[in-house]
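Q: Chain G is fixed; fit chain W onto it per the hints.
There are 2 protein chains.
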Amino acid sequence: MKFLHTADWHIGKELGGFSLLSEQQTAYEQIRDIALSEEVDGVVIAGDLYDRGIAPTAAVNSLEGMLKDLNINHHLLIYAVSGNHDGATRLGAGREWRQQNELYLNTTLADAFTPIETADTQIFLLPFIEPAMARVYYQIPESQARQYQTINQVMPQIIADMVAKFDPQKNHLLVTHYYVTGSKNQDYELTSETNSQAGGLRSLDDMMFKDFDYVALGHLHLKQASPSETVRYSGSPIKFNTKEAQTQKGVYVVEINEHVVTTVWHPLMPKKDLILLSESFDTLIDPDFYGQYERSHKNYFSIKIQGLANATNARATLAKIYGDVVEVQYDLPTLVADKQGIPEITADEDGADDKLIAAFYKYVTGTDLDDNQQRLVDDTLSDLYQQEEE
Amino acid sequence: MKFLHTADWHIGKELGGFSLLSEQQTAYEQIRDIALSEEVDGVVIAGDLYDRGIAPTAAVNSLEGMLKDLNINHHLLIYAVSGNHDGATRLGAGREWRQQNELYLNTTLADAFTPIETADTQIFLLPFIEPAMARVYYQIPESQARQYQTINQVMPQIIADMVAKFDPQKNHLLVTHYYVTGSKNQDYELTSETNSQAGGLRSLDDMMFKDFDYVALGHLHLKQASPSETVRYSGSPIKFNTKEAQTQKGVYVVEINEHVVTTVWHPLMPKKDLILLSESFDTLIDPDFYGQYERSHKNYFSIKIQGLANATNARATLAKIYGDVVEVQYDLPTLVADKQGIPEITADEDGADDKLIAAFYKYVTGTDLDDNQQRLVDDTLSDLYQQEEE
Numbered sequence: 001m002k003f004l005h006t007a008d009w010h011i012g013k014e015l016g017g018f019s020l021l022s023e024q025q026t027a028y029e030q031i032r033d034i035a036l037s038e039e040v041d042g043v044v045i046a047g048d049l050y051d052r053g054i055a056p057t058a059a060v061n062s063l064e065g066m067l068k069d070l071n072i073n074h075h076l077l078i079y080a081v082s083g084n085h086d087g088a089t090r091l092g093a094g095r096e097w098r099q100q101n102e103l104y105l106n107t108t109l110a111d112a113f114t115p116i117e118t119a120d121t122q123i124f125l126l127p128f129i130e131p132a133m134a135r136v137y138y139q140i141p142e143s144q145a146r147q148y149q150t151i152n153q154v155m156p157q158i159i160a161d162m163v164a165k166f167d168p169q170k171n172h173l174l175v176t177h178y179y180v181t182g183s184k185n186q187d188y189e190l191t192s193e194t195n196s197q198a199g200g201l202r203s204l205d206d207m208m209f210k211d212f213d214y215v216a217l218g219h220l221h222l223k224q225a226s227p228s229e230t231v232r233y234s235g236s237p238i239k240f241n242t243k244e245a246q247t248q249k250g251v252y253v254v255e256i257n258e259h260v261v262t263t264v265w266h267p268l269m270p271k272k273d274l275i276l277l278s279e280s281f282d283t284l285i286d287p288d289f290y291g292q293y294e295r296s297h298k299n300y301f302s303i304k305i306q307g308l309a310n311a312t313n314a315r316a317t318l319a320k321i322y323g324d325v326v327e328v329q330y331d332l333p334t335l336v337a338d339k340q341g342i343p344e345i346t347a348d349e350d351g352a353d354d355k356l357i358a359a360f361y362k363y364v365t366g367t368d369l370d371d372n373q374q375r376l377v378d379d380t381l382s383d384l385y386q387q388e389e390e
Numbered sequence: 001m002k003f004l005h006t007a008d009w010h011i012g013k014e015l016g017g018f019s020l021l022s023e024q025q026t027a028y029e030q031i032r033d034i035a036l037s038e039e040v041d042g043v044v045i046a047g048d049l050y051d052r053g054i055a056p057t058a059a060v061n062s063l064e065g066m067l068k069d070l071n072i073n074h075h076l077l078i079y080a081v082s083g084n085h086d087g088a089t090r091l092g093a094g095r096e097w098r099q100q101n102e103l104y105l106n107t108t109l110a111d112a113f114t115p116i117e118t119a120d121t122q123i124f125l126l127p128f129i130e131p132a133m134a135r136v137y138y139q140i141p142e143s144q145a146r147q148y149q150t151i152n153q154v155m156p157q158i159i160a161d162m163v164a165k166f167d168p169q170k171n172h173l174l175v176t177h178y179y180v181t182g183s184k185n186q187d188y189e190l191t192s193e194t195n196s197q198a199g200g201l202r203s204l205d206d207m208m209f210k211d212f213d214y215v216a217l218g219h220l221h222l223k224q225a226s227p228s229e230t231v232r233y234s235g236s237p238i239k240f241n242t243k244e245a246q247t248q249k250g251v252y253v254v255e256i257n258e259h260v261v262t263t264v265w266h267p268l269m270p271k272k273d274l275i276l277l278s279e280s281f282d283t284l285i286d287p288d289f290y291g292q293y294e295r296s297h298k299n300y301f302s303i304k305i306q307g308l309a310n311a312t313n314a315r316a317t318l319a320k321i322y323g324d325v326v327e328v329q330y331d332l333p334t335l336v337a338d339k340q341g342i343p344e345i346t347a348d349e350d351g352a353d354d355k356l357i358a359a360f361y362k363y364v365t366g367t368d369l370d371d372n373q374q375r376l377v378d379d380t381l382s383d384l385y386q387q388e389e390e
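Chains as they are written, first to last, in our numbering: chain G, 1 to 390; chain W, 1 to 390.
Heads up, a few of these hints could be off.
For chains that are exact copies, the list does not tell them apart, and a pair is met inside one copy or across any two.
To be verified - Calculated lysine to any residue pairs in the SDA-like style (CA-CA distance at most 20 Å, straight line):
id, residue 1, residue 2
1, K68, T108
2, K68, R95
3, K362, D41
4, K2, Y290
5, K68, A110
6, K68, E96
7, K243, L277
8, K271, D211
9, K68, Q100
Note that these hints are calculated values from the structure, not bench results.
In isolation and in its complexed conformation, chain G is listed as follows (with noise of 0.2 Å):
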């Protein structure tokens, strides 16, 4: 068999506030495209579909509108399943008509203990749960839900019921979407999308999953992610977060033949990139920098100037220059370095303010007021003084 494998679509998600629909329509082409030239059997997706429980309109049209095009317009099989990101039910809907089309979607585990067999291969689909469904599946006591309460807990029941249903003579799939590690991604908890759950007893070791040939996983949205040669996150299609500003984006071509499985990564180029600048002020606003990159709403800019800006709204100043600004930051060193231990600035008896003021500006750069500045500080402050006593 061979399928392209995708996951974490997220339809509908913004950055720095700023549609991606547009982008995930482009990238959605793209996947589709690599689909029929490379003339698989079908499209995994492995979760995340949407961003949210209950998405906005457009997201729904914009999904619908791929699912169609794939399944409809280019009669490709779809092999998918919901994520922690999905409402389950809500994506659920519609799902038996659906699957007399051979778009497959699973939302529940009951679901998942029927695997969907073709000549070769017995595809399982896995959707994300909470332990709580496995143990209302399983009809768990009371008395013994302790023993069911992580993930780690229940999934080799979930494992060893679908592995019960193997077909010895098949190839075997299984497509879900969790935090799973190995030894080789430990260093990419970071890039989770659930960082405070991930880690620790929510995290699955990939030799759980050493039955299945291939493990077409979504959840982590870097390919790097990937505990193993057969246990594999595809990552997202285009990037969310400017921790993935310098990372590549693709999907896997996958081939399982007797049990002999090759990956080809296919890369996807982004409509509009996400590049990251961290450079002073004064560099950002120079022509002779800027000019270097494609602006004009052509690309995502996240910018974190280093040091002070001398400007008065320098967020404004740089989206003039760079256009869609995602993201701007400060990277001021003395602030940083300072970080553990907060001096503690307190007013003196007269003429406490200007001190005041002072003292929080030398703490936050490093250094001194210019006379401009602190005669801008004196202005201020008699203005003030003089508000007060009217």
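A: Frame of chain G; chain W shown alone:
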């Protein structure tokens, strides 16, 4: 063609805080059984399948189960439109897959102009739309927008565009969801779900639809609101409010044979009925009175207390006796009589509070406080004065 006409399922609606899902399931099963025993060619659902644009997941599971049972398990064709209560985009998700199994569910204006062709009938499915959607569809320039402000102004064009698709060899059925009036149903304005919008510019004259053999309407919940013999409301399958308590719910089975229409009314038997009581409190709590009603959650009760209730918590007392009490109201003749001019009740200088209470009580009930009540007021006030001083 022979079909069943139902509408306004409002799956997920509550009555006085009680979920109606179980009642709605029972009504659905009766509708299905009528469709099967009458051997209809299809089931028409004329809008408001859900009660809300974003239906709760329990409602999604419930409606999906009904559609699946009807269309997939029992192979019944479905002709449906979205109503003003439905979220058109969300309800329309998966539409193309559903219609491959002959579940037709239209949610956009554009869909209305492609009729579904059966051997002898063209079925036009026109969903509820706002006039603004018609302005977008017809690309009305801003300068002409004022001529397309109301549904009355846009409907003639919509109807003309449907009539232009008529095959003269066939019957013509329209399924839609609007407030339509004729000479007969002017009195039913108050039964509309959207009273504030009903009537005037928002209502359509039934003569607009004269080219259709039958118009299967949804929107008003009583079949008595039907403007004519061939432009009909089926009403909702269950009672949604106390105004509907004394009405009968059901569906129509309609046959169109060479433009001759016959309709047969099939009543639905509520699992739990809605019973309206309007008695004095003493009567309501009299075992001889309440003994005549099936209680203990076998009926819903909407109760109007004539006069005052001599009980500290009348609602709780009644709920204990009657079970599912969806509403408790007071019918106070004096208050109603005085509605025109509310007398000014002002406090005196001294000892004002007790006089204020006595005047208010007389205003509301028409009688003076009796000795017991007077003592209760005095005691309560002394306690309060004492607390203030402490």
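Q: Does each hint hold? Answer for all of them.
A: Results of checking the hints against the structure:
For the homomeric pair K68 and T108, the shortest alpha-carbon distance between copies (17 Å) is at most 20 Å, but the shortest distance inside one copy (22 Å) is not. In this assembly of identical chains, the alpha carbons of K68 and R95 lie at most 20 Å apart whether taken from the same copy (13 Å) or from different copies (10 Å). Proximity of K362 to D41 under the C-alpha cut-off of 20 Å is found in neither arrangement, the shortest distances being 64 Å within a copy and 82 Å between copies. Taking CA atoms no more than 20 Å apart as the test, K2 paired with Y290 passes in neither setting, with 44 Å inside one copy and 71 Å between copies.
Within a single copy, K68 and A110 get their C-alpha atoms only as close as 26 Å, which misses the 20 Å cut-off; across copies the closest is 17 Å, which meets it. Proximity of K68 to E96 under the C-alpha cut-off of 20 Å is found in both arrangements, the shortest distances being 15 Å within a copy and 8 Å between copies. In this assembly of identical chains, the alpha carbons of K243 and L277 lie at most 20 Å apart only when taken from the same copy (12 Å versus 66 Å across copies). When the C-alpha separation of K271 and D211 is checked against a cutoff of 20 Å, the pair qualifies neither within a copy, at 39 Å, nor between copies, at 51 Å.
In this homomeric assembly, K68 and Q100 come within 20 Å of each other (Cα to Cα) both inside a single copy, at 13 Å, and across copies, at 13 Å.
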